[in-house]
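S.K.: Okay, here's what each chain looks like letter by letter:
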Amino acid sequence: MKQDGKLAYGFLLPASIIILGTVFYPIVKTFIYSLQRYKLTQPENKKFIGFQNYIEIFKSQDFQYAFFNTIIIMAVVIFIGFIFSIITAVILNSKIKISSLLTAAAVIPWALPPVVNGIVWKFIFYSDFGFMNKILFKLSLIQEPVKWLDGRYGTLLIIGLTVAWRVIPFCAVVFLANMQSIPKEIYEAAEVDGANEIKKFFNITMPLLMPSAAIVLTNLTMSGINVFDEIVALVGFRNLGQPLLIYNYTQTFSYMNFGYGSAVTYIIMIASGFFGYFYIRSLNKGGGAV
Amino acid sequence: MRAVCKKAGIIFIIMVFLIFTLGPILWCFIVSISPENEMFSSTVNFIPNNPTFQNYAMLLNINTAQGQIFIRGLVNSLKAVSVTLIIGLPISLMTAYALSRFKFKGREIIRGILLTTIVIPVFTTIIPLYAIFSDLNILDNIFWLSIVYVSSFLPMITWVISNYINGIPVELEEAAYLDGCGKVKAFLLIIIPNSLPIISAVILMMFLMTWNQYQIPLILASSLDTKPLSMVAAEFSSKDMIKYGMTAAAGILALLPPAAAAAIFRKSLIFGFTQGAVKG
Amino acid sequence: MSKLTFKGIGKTYSGEIHAVTDFNLEIQHDEFIVLVGPSGCGKSTVLRMIAGLEDITEGTLYIDNKAVNGVQPKDRDVVMVFQNYALYPHMTVYENMAFGLKIKKVPKEEIDKMVKEAAEILKISDILNRKPKALSGGQRQRVALGRALVRNPKVFLMDEPLSNLDAKLRINTRAEIVKLHNRLGTTFIYVTHDQTEAMTMGDRIVVMKKGVIQQTAPPQELYNYPANIFVAGFIGSPQMNFIDVKVVEQNQSIILKKDDIEIETHIDMAKNLKDKDYDGKTIVIGIRPEDVTIKSIGCNCDNKVRNSYLNAYVDAVENMGSDKYIYLKAGYDSITARVAQAFKVRLGDEMRVYFDKSKIHCFTKENGQRIYL
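Residue numbers (this note's numbering), protein chains in the order written: chain A, 2 to 291; chain B, 1076 to 1355; chain C, 550 to 922.
For the record, the hints were derived by calculation from the structure and aren't laboratory data.
Please note that a few of the clues may not be correct.
In silico lysine to any residue, SDA-like type, Cα no more than 25 Å apart, as pairs [unchecked claim]: (1) K40/A x Y1205/B; (2) K682/C x I1274/B; (3) K657/C x D624/C; (4) K682/C x L1247/B; (5) K201/A x A191/A.
With the hints as constraints, model all of the structure from the sequences given.
M.R.: Here's what the structure looks like:
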């Protein structure tokens, strides 16, 4: 094909303007803020302080607290998400007549606004008589309502569950696409060799799902790190059990500490970008979905 | 006997599956139609004795205070979706076409940059944007808000579309060149009509991603004029938590459009997301 | 008028891969030129350079004496029929054919007239409202031709248009294309890897190998006087037989020696070899299967010249219905002979192989170039 210099740049212009203005410029500016002491409430005190913000962050108890909370959420999301997305994929892959309808049902959690997701799950784990408590009470497993969201670990567990619920459909679809691309002759050969359903699953399906496993894991991890909306709906901006992004938000917009908040955001970005890099790499290698 | 067992087993699994997938939403719906007093009582009734649609009536009634807020939020969300689609669709199509079919210096670099921007979280860019918007006094402006929305998913949508276009045979455009088209005409008359599947998928994706926005409007748009529905629902949840029924109803109404769209157009949605799989 | 001139045309990719080298050719108006050669020989690249779909790296291309190197495809007034037809899937047959005219802003009534005329000629008037995916391979091919026909271009380019058709359809369509050419009186440039297509369709054939022209000539000349071993082996089926022999002067005459077999030469050939100093050298001779005669070993034949034949045994037999191909082995050499249907042989039979001395081709051993004439 021939060279298309000018026209190409013309076609790329609108997107470039948008990306430059709303992504590149801000990223640089955020970094600059992070090197300053900059509180919106005291704009005249704006001062360059180098990496002091970063040092303060790493020393801060609150940051470490939020950091561990994020790790716990990530673990819950990955554990629940991985197992159940495989199960969901298997169910959707079955040849029963209503699998199309099941897919419609499966897709719905994916489509919800995360904030509404939080609201929905709040009603399940509501301290007084959310669904969970009602069931447990009815089964006589508890006498008093459990205050699920009142403790740190309870909160984190529920957040993880909620996020996993939302992300499982996507991961299931990734696995499903991968499963459906496995040629059925392989299974037939295994049957001739005497394998039953379980053996077929663990010896053929699972290993051949590895390409999409990378995408799924990275996706689950990033969802865990980036959780925000659900938390606001579930417990608001409180300190108890707050993970990194909530910490970031309160520092920046509640305390108006732009300098400090920018530094926190940069740290989160690097962590997120680290996993994101693997996400992109597994995208580029194909064998899965965005 | 074995066949019956197997069938029962399958039905059981399906039931469990549906409970986990749709159950939470169903419960929210039940809460939304429970009268206030029943909700408070500690009975173990799951389904209220006197279901009422009062909450929905209130939210959708322009004459009540909550109704005004809710309807305003709904309108804002619809406005945002429209503006985003009008701006985002043409831009992503143009960009995808250029990256897929044009030969120019730096093409691979730009593609790489595009991919990388997919993973940058909202917060990293939002702080300076808040400062700029605040200075320019455009904090509660649906247009500029939509531009930010577009930038949040432009890379991914462009990536998805360009993978699709890569699958269109080049000969079609070559035939068009020989028929007298330049690159622009070939784009409009040949590529776009042959991209309808991905265009519908992408419209669906952009709708969902705009409707579900929360972080961006939380920071850049908090006046009543521009607050989208997701924020309205969240505020009911935190401020008016006592009114469970109404909050639940708000939640159900907020999730209906995206859930319905996704369920009905699921094939298109899945198609769109799996287009990202095609190599390079 | 549609005359094309290629001066030193070359195409290089990334500074290293030479797809086409030093391509020189003059095509007159109304000629049917075929570019033929194996995969990767550069023939499609040449075609695409004519169309403007590939940049020309070296040399100049003239259409009607105007240099067109930098001219866009849409301004060159050429049409191309692609191997996979490249029909617009979202348009009906009618719209596919009308598209180019619409772009050129031809008035609607004229478009209608031209499309219907072209459809008439190609016998596709009854499918004008269908979309490509509802058509068979043969129909799609006609639509691709129709789309080109309607534009009434200076030059018709065809890139292996028949390779996706089944054998019978291919033969029919071949004839149709030639008829079309006669009817239109425009220059046709046709690319194929099939030498039968080339031989039956072209006014002149350009044989290419690895980006270089091997020979440009009308079909019969190519067949009778191939310029080198490659052309000789490429044209004609079954392939020409090649044997290494030594040129020896004997009794005022030249003979070709293979071990202790002595093959006679035709008087002109002998003179040529002697004049050009090939006495004592090894050359490669070529003989086509139809110019090979075989006789059974115990025959009572004319033995005027002793040892003027090769001894071989029958390795395989292919019965084509109309005649037979006999595959023989003589020592390390393989020889194919074409014989009449009634000729009876069995596998393993010992035969004598005679060459028609007036039909022997001579090539140098070093570079395969033709010696004789």
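S.K.: Quickly compare the C-alpha distance for K682/C and I1274/B to 25 Å and report which way the hint goes.
M.R.: The given pair, whose Cα atoms are some 21 Å apart, holds under the 25 Å limit.
S.K.: Verify the proposed pairing of K682/C with L1247/B, using a straight-line Cα cut of 25 Å.
M.R.: Status holds; Cα separation ~14 Å.
S.K.: For K201/A and A191/A, compute the direct alpha-carbon distance and say whether it is at most 25 Å.
M.R.: Measuring from Cα to Cα gives roughly 7 Å; hence the hint holds.
S.K.: K40/A and Y1205/B were given as a pair; does the straight-line alpha-carbon distance stay at or below 25 Å?
M.R.: holds, 14 Å
S.K.: Are the Cα positions of K657/C and D624/C separated by 25 Å at most?
M.R.: Within the cut-off at roughly 22 Å; holds.
Checked against the numbered hints listed earlier, the structure breaks none of them; every hint is satisfied.
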